[in-house]
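Asker: Chain residues, written in single-letter form:
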Amino acid sequence: MLVLSRKKGESIVIQNDIVVTVLAVEGDVVKIGISAPKDIDIYRKEIFDSIQQNNQSAVMDLESVQKAIMSISYGDNKKG
Amino acid sequence: MTQDRVPQEITLETNTPAYFFSKGLPGFEQLKEFSLKEHNDIFSLLSAADQPEVTFITVNPFDFVPDYEFILPEDTIYELGVKDEKQVSVRCIVTWHSDRSKVSVNLLAPLIFNTVDRKGKQIVLQNTTYTTKHPLWTDSPKTDEGGDS
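As they're listed, the protein sequences go chains A and B.
Heads up, the first sequence is in the numbering used here, so the first residue is 1 and it goes up one at a time.
Heads up, the second sequence is in the numbering used here, so the first residue is 1 and it goes up one at a time.
Rather than coming from a laboratory, the hints here were simulated on the basis of the structure.
A portion of the hints provided could be inaccurate.
What the hints assert, rightly or not - Straight-line alpha carbon distances no greater than 27 Å define the calculated DSSO-like cross-link-like pairs of lysine-lysine that follow:
1. A/K67 with B/K83
2. B/K133 with A/K45
3. B/K83 with B/K102
4. A/K67 with A/K45
5. B/K32 with B/K119
6. B/K102 with A/K38
As the list claims (entries may be wrong) - Looking from chain A toward chain B, a few residues come up when the C-beta cut is under 7 Å (computed):
7. I32
8. S50
9. V59
10. D61
11. V65
12. I69
13. M70
None of the values given here were measured: they were computed from a predicted structure.
Backbone N, C-alpha and C define an ideal beta-carbon position, used for all residues, glycine too.
Isolated chain B, as found in the complex (with noise of 0.2 Å):
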């Protein structure tokens, strides 16, 4: 019954693993693995493997633009070989800015993961009116007081 050698280290950072872009990420071709890790429960980070200077803060989109849509191209479906809508998970890339409001969210061109085949790209959305700098934070900018109602 006793499990006293379990091994305890096998927890935290180790259990990133690396996406691979077939094509880099548009602006930066060259890089094609990188890890996606939560950072919080909003923000994701996706980093480049051998690149850590190389970091995009992203979300999922769904839970700033609930009615956020498209339809997921038949060739991105076979270029990722994703079998299951399971397997499928979106980030969107931050732009950041010290003014809150300014912070923006590219909606135009998500980022595709097959978290079972651990392969990822970033697909550019045709006949659509998403932006590449939907702004993240849609309510006024007021000040921050907490609370709500």
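Just chain A, same shape as in the assembly (with noise of 0.2 Å):
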């Protein structure tokens, strides 16, 4: 891993167009401001870890799909 220091106000930039900007230090906090094209996804990292754990454990092959809805097709109420 690359490490900058950095001071409140002062930036990198990555691949040209990339731009991260240090705006505050509060504490061990950090505000960080980052220009991107539009086509880069920026998450916190936490969240986009969890999301992509939820797809892992939510795929199915098409056999446990059937039968997971022939499960409650019974009961297919939606809400309440």
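Build the complex from these two chains, which are given one at a time in their own frames, with help from the hints.
Answerer: Set out below in structure tokens:
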């Protein structure tokens, strides 16, 4: 991992068009501003991890999908 | 007037076009093409085009959470090439469980489809209280006795 020291207001540039700026430092909280092209996705890592994990536990094969849906098809009420 | 030569075979399965997910899905980044097939009134199935063993049960979140709402980010509108809100369709991934009360739906990361240009993306909502594990059925765990009031 590359490690750089920056002061409040200073930035780093990644690949020409991604600029990461330290906006504020308050105790152990650092506010970071990121400007990047529109097609770059930026997430808090723990949230992205949880989405990945959720998808991995939601994936099924077609056979188990059929079984699952059949198992509730008789009680297929929607909300309340 | 007779049209007895109209081909009949073009109906069913061939009619599930693939959506292109340029970044795949989180956790399945390598899979770019998915079909979205209506299974019944409630569930639709999102399957990787080349790997049907990768299938997700999805629902239209508005069927279950009528007040579900989020603002579609500008970047997503741009990335999916959406020009009209009528092009947009939303589904959320369901995590199945044999215990009905534990079936959950991911409201934090809805799937957005451009139904015209056939592009899709799973987005992650910012500044929201929605979670990845919202109970799908919020009615109490009463036994299924059919009928309702």
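Asker: If a hint holds in the structure, say so; if it does not, say that too.
Answerer: To see whether the hints hold, each was checked on the structure:
1. Of the supplied pair hints, the one linking A/K67 and B/K83 is violated, its CA atoms being roughly 39 Å apart against a limit of 27 Å.
2. Among the hinted pairs, B/K133 with A/K45 is consistent with the structure: their alpha-carbon atoms are about 18 Å apart, no more than 27 Å.
3. Among the hinted pairs, B/K83 with B/K102 is inconsistent with the structure: their alpha-carbon atoms are about 38 Å apart, more than 27 Å.
4. Using a Cα cut-off of 27 Å, the hinted pair A/K67 and A/K45 is violated, with the two alpha carbons roughly 34 Å apart.
5. For the proposed pair B/K32 and B/K119, the alpha carbon gap of about 10 Å is at most 27 Å, so the pair holds.
6. About 37 Å separates the Cα atoms of B/K102 and A/K38, which puts this hinted pair outside 27 Å; it is violated.
7. Evaluation of the A/I32 hint against chain B yields a violated restraint, the C-beta minimum of about 14 Å exceeding 7 Å.
8. Contact between A/S50 and chain B, as hinted, is supported at the beta carbon level, the nearest pair being about 6 Å apart and thus within 7 Å.
9. Nearest Cβ of chain B to the Cβ of A/V59: about 6 Å, under the 7 Å cut. The hint holds.
10. For A/D61, the shortest C-beta to C-beta distance to chain B is roughly 4 Å, which falls under 7 Å, so the interface hint holds.
11. Among the interface hints, the one on A/V65 holds; its C-beta lies about 5 Å from the nearest C-beta in chain B, closer than the 7 Å criterion.
12. The beta carbon of A/I69 is positioned within 7 Å of a beta carbon in chain B (closest approach about 6 Å), and the interface hint is therefore held.
13. At a threshold of 7 Å, the smallest CB-CB gap from A/M70 to chain B is about 11 Å, leaving the interface hint violated.
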